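Here is how the chains run, residue by residue.
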Amino acid sequence: MREVAVVAFAQAPIVRRETERNEVEILLPVVRDAVERSGIPKSEIGFTVSGSCDYLAGQPFAFVMALDTIGAWPPVRESHVEMDGAWALYEAWVRLQHGDVDSALVYAFGKSSLGDVGEVLALQLDPYYLAPLWPDPVSLAALQARAWLEADGHSEREMAQVAARSRASARNNPNAQLAGDFDIDDLLAEPYLVSPLRRHDCPPISDGAAAVVLAAGDLARRVCQQPAWIRGIDHRIEAQALGARDLTVSSSTALAAEKAGVASGPVDIAELHAPFTHQELILRGALGLDGETQVNPSGGALAAHPLMVAGLTRIGEAAQRIMDGVAGRAVAHATSGPCLQQNLVCVLEAE
Amino acid sequence: MSERVYGIKTPIRLEYTYIAGRARSAFLRALAERRLVGERCPQCRRVYLPPTGACPTCGLPTEERVEVSPKGTVTTFCVVNLPFYGQRIQPPYVCASVKLDGADTTLFHLIQDVPAGEVRMGMRVEAVWRPDEEMEASAETIRYFRPTGEPDAPIGLDGEGG
Amino acid sequence: MSQQLSSQPPALSAPHELEYTYTRSVGPVTGRFFGALIEQKILGVRTRSGRVLVPPTEYDPDTGEATGDFVEVGQAGVVTTWAWVSEPLRQHPLQRPFAWALIRLDGADTALLHAVDAGDESRMATGMRVRVRWRDERAGEIHDIACFEPEASP
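Residue numbers (my numbering), protein chains in the order written: chain B, 1 to 351; chain R, 352 to 513; chain P, 514 to 667.
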């Protein structure tokens, strides 16, 4: 396998609603920032791939307009996934394995504020049996949360602790949307949104964008003092029917973690894409993390959740800490689909 | 054994807010004043109209505003003969790409006041605006383009002509 | 004439609707399930290992193999998990507070997702039995099951 590293990461400050700029205008400074930090001239980047969802904007082929931000002339090698940018990064990693190009720009963007995100996400469900009932993501996550609470004597207090810790950590993240200190008992006194989930158990609705630059082998060493090497990356998906899955464990995350080699070393930090509090606890178990690992120092998806961007941001945040010398080995995770249906696990290491 | 079903109707209706963004908002507001305002790329110097906020060639923000003429040249066109759901004009009618004098990209709009068979590449046209009381920040503020009667402009590659 | 931009008024916005009037072809497996709903029957499909999948899929999610025979399952079953919606969204199957539930019907090995019209959250519990409530006019789609209701009286 060819060695590939993250050599740059940039993101827009995440907000509830960006009323002034459209997606291209949000993305322009983010892409420019990432490319400048990479030290690789834009014209030399070998491959570009983006992650976004046209249904967030309600415009078919909306993703095409974002190409204005990369200046696609002379013509560039480019691709797109209608998924979180973490999967765009996976495609870039695969592309770099071919050996003919040495660098890739990965970007992701999305404005969840434009439509009703609950209705939009219901459209990703089975069109015959599920979508006509329009179950929203909070409802589906609540089904999973109750199953998890009842499976092993877990508690709503554990979930509230995840929320409080995430938003407290987010105070150190200038790009996070929700940050602050919250008292656990105050949180538990709040009414349910969809039981057993309360508002704090759920992610915010966010607008944002992020970009990562990947470089292979010697190029990475040349342009970056401490590249964040991708030592393992894998993604797996479970059955589409919710009633055919065990929602209390994340078997796809466990398998992806095994294939990515999570267990072959200590994990200093883990950036987990858990939009709901109980999901972080499920993922910790699936990844085999112990109490030594710092989880979501960025605040995670509970502090900022731009759809299509939050997963790529987990990889970027983990990589940045390796590039900054704060961590030696990190795990980043991204999820897609209802109740952790599809999961990507990435192991990042310093040299 | 039950009869089987062959299809189900799955009507979908989603409501959105469209945010025009900085560049398009400025363009639309200028239309309400009967002005056609594009943006110029700081590197390649091309003028984009309508502007998107970025130069698609250079990947840079376009911030310099440039007003262009309401007159231009038809670079290509099509005659719509087919009826379709949601159609607002009775076919046959002509849609064209119009390169306004001073812009490097084209605006897509209707061509009227001329028989469809006489529309041609290189034809010189000018904007026909709505009356004062109907002006608003909308592409429909231009009702259509009509021939100016000037001699045809040559259509060349890479923005020559017009 | 060119001018640099200085201060700017707020961006323009407008409402925008996206509408699709799809008719989806359902295929022979889903089509058979929907046909049975018209007759107030619920069908599952058997996998090679003998598991009964409800609702039926063309393939076994564990092995990817094509599924086999149809089998009728019960009109009632057990709630395996649930969630209480106190403020239904406009598209939800019920417009009064209700529970979503995964329901494993008698004879099935997988659970169906639907709504339970329990009236009050206190009536919901994992393990409770619920029974289908049929829609009066059935068209061969998932809404032919209007919802489920608790089998026991309050």
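Since the hints were derived computationally from the structure, they do not count as laboratory data. Computed from a predicted model, the values in this text were never measured in an experiment. In this text, a Cβ means the ideal position worked out from N, Cα and C, and glycines have one as well. Worth double-checking, as some hints may not be accurate.
Unchecked claim - Below, computed lysine to aspartate or glutamate pairings styled on EDC-like, alpha-carbon distance capped at 20 Å:
| id | chain 1 | residue 1 | chain 2 | residue 2 |
| --- | --- | --- | --- | --- |
| 1 | P | LYS554 | R | GLU384 |
| 2 | B | LYS259 | B | GLU78 |
| 3 | P | LYS554 | P | GLU532 |
| 4 | P | LYS554 | P | GLU634 |
| 5 | R | LYS360 | B | ASP126 |
| 6 | R | LYS360 | R | GLU384 |
| 7 | R | LYS422 | R | ASP452 |
| 8 | R | LYS360 | P | GLU650 |
| 9 | R | LYS422 | R | GLU469 |
| 10 | R | LYS360 | B | ASP100 |
| 11 | B | LYS42 | B | ASP126 |
| 12 | P | LYS554 | P | GLU585 |
| 13 | B | LYS42 | B | GLU78 |
| 14 | R | LYS360 | P | GLU532 |
| 15 | P | LYS554 | P | GLU650 |
| 16 | R | LYS422 | R | GLU366 |
| 17 | R | LYS360 | P | GLU585 |
| 18 | R | LYS422 | R | GLU477 |
Unchecked claim - Simulated coverage check for chain B against chain P, where a stretch passes if three residues somewhere in it have a Cβ under 8 Å from a Cβ of chain P:
| id | stretch |
| --- | --- |
| 19 | 120–131 |
| 20 | 140–150 |
| 21 | 192–206 |
Unchecked claim - Derived coverage of chain B by chain P (criterion: at least 3 residues anywhere in the stretch with Cβ under 8 Å from a Cβ of chain P; other residues may be distant):
| id | stretch |
| --- | --- |
| 22 | 15–27 |
| 23 | 235–246 |
Evaluated hints:
1. LYS554(P) with GLU384(R): Cα-Cα ~65 Å, so violated.
2. LYS259(B) with GLU78(B): 28 Å, violated
3. LYS554(P) with GLU532(P): With Cα atoms ~33 Å apart, LYS554(P) and GLU532(P) exceed 20 Å; violated.
4. LYS554(P) with GLU634(P): 28 Å, violated
5. LYS360(R) with ASP126(B): 14 Å, holds
6. LYS360(R) with GLU384(R): 46 Å, violated
7. LYS422(R) with ASP452(R): 6 Å, holds
8. LYS360(R) with GLU650(P): Distance ~16 Å between LYS360(R) and GLU650(P) Cα, so the pair holds.
9. LYS422(R) with GLU469(R): Judged against 20 Å, a Cα distance of about 18 Å means the pair holds.
10. LYS360(R) with ASP100(B): 48 Å, violated
11. LYS42(B) with ASP126(B): Status violated; Cα separation ~41 Å.
12. LYS554(P) with GLU585(P): With a Cα-Cα distance of about 7 Å, the restraint between LYS554(P) and GLU585(P) holds, given a limit of 20 Å.
13. LYS42(B) with GLU78(B): Between LYS42(B) and GLU78(B) the Cα gap is close to 13 Å, so the pair holds against 20 Å.
14. LYS360(R) with GLU532(P): 13 Å, holds
15. LYS554(P) with GLU650(P): Roughly 14 Å separates the two Cα atoms, so the pair holds.
16. LYS422(R) with GLU366(R): Distance of about 37 Å is beyond 20 Å: violated.
17. LYS360(R) with GLU585(P): 25 Å, violated
18. LYS422(R) with GLU477(R): Status holds; Cα separation ~4 Å.
19. 120–131: holds (count 5)
20. 140–150: holds (count 8)
21. 192–206: holds (count 5)
22. 15–27: holds (count 4)
23. 235–246: Check passed, 6 qualifying residues.
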